[in-house]
Amino acid sequence: MPPPDADAFLRVERRKGAYALVVLCREPVNTMNLSFWQQLTAVLDELEADPAMRGIIFCSGLRRDVFTAGNDINELYAPLTSHERYREFWLVSNRFLARLYTSPLVTVAAIRGACPAGGCCLSMCCDYRVMTESGSIGLNEVALGISVPKMWAGLMMRLIGTGPAEKLLQFAVMLQPGEAKELGLIDDVASKEGLMAAAEQAMRQMLKSPDFSRADTKSKLRGDFAAEWARYAETEVDGAWELLSSGPVKAQLAGVLERLSGGKKKGDPQSRL
Amino acid sequence: MPPPDADAFLRVERRKGAYALVVLCREPVNTMNLSFWQQLTAVLDELEADPAMRGIIFCSGLRRDVFTAGNDINELYAPLTSHERYREFWLVSNRFLARLYTSPLVTVAAIRGACPAGGCCLSMCCDYRVMTESGSIGLNEVALGISVPKMWAGLMMRLIGTGPAEKLLQFAVMLQPGEAKELGLIDDVASKEGLMAAAEQAMRQMLKSPDFSRADTKSKLRGDFAAEWARYAETEVDGAWELLSSGPVKAQLAGVLERLSGGKKKGDPQSRL
Amino acid sequence: MPPPDADAFLRVERRKGAYALVVLCREPVNTMNLSFWQQLTAVLDELEADPAMRGIIFCSGLRRDVFTAGNDINELYAPLTSHERYREFWLVSNRFLARLYTSPLVTVAAIRGACPAGGCCLSMCCDYRVMTESGSIGLNEVALGISVPKMWAGLMMRLIGTGPAEKLLQFAVMLQPGEAKELGLIDDVASKEGLMAAAEQAMRQMLKSPDFSRADTKSKLRGDFAAEWARYAETEVDGAWELLSSGPVKAQLAGVLERLSGGKKKGDPQSRL
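Residue numbers (full-length UniProt numbering), protein chains in the order written: chain H, 1 to 273; chain L, 1 to 273; chain V, 1 to 273.
Please note: incorrect hints may appear among the correct ones.
Copies of the same chain are indistinguishable here, so a pair counts whether it falls within one copy or spans any two.
To be verified - Simulated pairs of lysine-lysine, BS3-like, Cα-Cα distance not exceeding 25 Å:
(1) K192 <-> K16
(2) K16 <-> K208
(3) K181 <-> K192
(4) K167 <-> K181
(5) K208 <-> K167
No lab work stands behind these hints: they were computed from the structure.
Pulled out of the complex, with its shape left as it was, chain H reads as follows (with noise of 0.2 Å):
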């Protein structure tokens, strides 16, 4: 298989079946800065015209047993970019999370590995989520010094209902599988080699009904949710930069980038957004 383009963190494999693979491949862990939810949108966009695409499986392409890390610190460290950039930054991403969530597609997220935030809202926003039996998932933004963005945290709401979901979003808790998949925050476990297969059989499964009836359902019962997370984005956008400003949140990331770069520690996904 050739290696994707070096600038290319996203790789797309059509299958029988009128569905795709959307491989995440940005080495070393799929942390996801500007371009990476730039590359979604644009893949989005494409899958969704092809009139003989019916389904998207997220999966990572990673060496290691990584969904993605979630959200590039670099992105929001406030030092190393600008107002301007996370405006930018922030409204691509989540318009993108909102309009995944709605998609006429039918969307699974095969996660190898670990799943933290930016990678647990992108999977949550997904029809189906089936994980390997290592690996963890979670909202941990808080343990990082950071809130859980108001949408994400009501995604996971949504998800698994309200009280459960407090519970992990406050104290930053990070799932295994199998406490995952009782509290409905992914629909099934698998080994490593099996994941992709369950996937698909899943995938195959979703498609037996009819696109027309099944994409307009789910827009009734996601549409609102999803209209209101693109407005709130905006909404929130100038009082998220002001906290990133801030200057105990700029230590607090200055520690975590220390920590990235640094020792030991260098691409444990966990430590990432």
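We have chain H; now place chains L and V onto it with these hints.
Leaving out everything else, chains L and V in the frame of chain H:
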């Protein structure tokens, strides 16, 4: 027991203990047409106005094990009805359901056998659901090429949570009684012989609560949703008629009607809406 | 340990680790009157203003196994109070609860024994609930002929889901600790001897999250609901007083008071609101 009046689809049996059975008997599968919903409304009027009545148990009086097969396709297939008639059908049925959901009476669904679509919705509007060991329950509209009405979906989301409901609805899942109980879609499973005894026992237990505070609490819990439902029925009716009048949906429903009137699938309750 | 001041219903014990115990001690069953809620408000003011304090554990200092028996009937029985006093009672208590629900402190309820109505509501406003193996918990207002306050019901719906909450509330169900844990109404069950150790262990675990991001996330998750609650207390107070002043409710509450002051049922905590 005398056969019901040829035009009456419902039979009311008053029981000791201040409640009544409302027996649904439109052979062969209790398809719900305009008249069926009008009769349900009249019976609810009558029982709510009767100071001696404190509760209702809905059950099936059919020969086969079907609670109801859901809405009558003749009311949905555009060539057989009209915009005007469809409007009346949709408003009468949804206003009945929204009102049942907040009825001051204690309401129980005793579900013998198949309970798709409209029958599932009627059951979800009750305070308690008990079902026989064989049968299935769910909102399977998507499988027939029609979308799940927004407030019906919202009702299931309230009952079992948004995440679980989304999976069932998008993929038209009909649950077995054990699964339905585990998810909270029904409250109890009984043998076919024990169904009515279980329903009546639950009714007697629930009637231990004083009527005024129970009904006032029910109104507080469900009133906002029911008011939105009644309003939304009016909002959605024109768009729904436009869809029902479109080529693809007409073709889809023509196929359903042909299957129902034709061969071996005749009377399969899961083929109806 | 010295007995508390005769007029003080609460005792505050600061602990190593930056949290405090708030011990509820109004013998015999911690009925919550206006002064009780005012003292809770003052203690919350004090602890939130203390930069050394990061958490609160609420527990009972009573001789018998009762967390609190809920609101004092003397505040609800119209002949013993007035519209003006009831208004103050209702606003003080509900503003306290709404504020506790969004307190930047980590909050734990350590529930020894009976926990009906107002005690259940106070517990539900905390971040974590641990309960002894014997006891019961729930909002049992309906059994006493009074309806469940709308936002109290809404709080339980958030915590355990709308469907499960509706069944408990309409039928005044008091849950055993095991059932309560299964539904998510409490988080853990402990022996009577192990209760405080379990509460303190949970507190220490939760205090590992950085305060700022944890509190900001809590505010995002609960702020809208709490703001609506504080507003709604004002909206509902006149209608509630009208009901409390009506013949049937006065008769009902007179009966409760007679039972409490009279024979063998005296002090049964489940007989209070």
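Checked hints:
1. K192 <-> K16: within (22 Å within a copy, 45 Å between copies)
2. K16 <-> K208: Classified as within: same-chain Cα gap 14 Å, cross-chain 49 Å, threshold 25 Å.
3. K181 <-> K192: For K181 and K192, the Cα distance is within 25 Å only inside one copy (16 Å; across copies 32 Å).
4. K167 <-> K181: Both: 16 Å inside a chain and 14 Å across chains, each within 25 Å.
5. K208 <-> K167: between (36 Å within a copy, 14 Å between copies)
Figure legend: structure checked against the earlier numbered hints; every hint is met.
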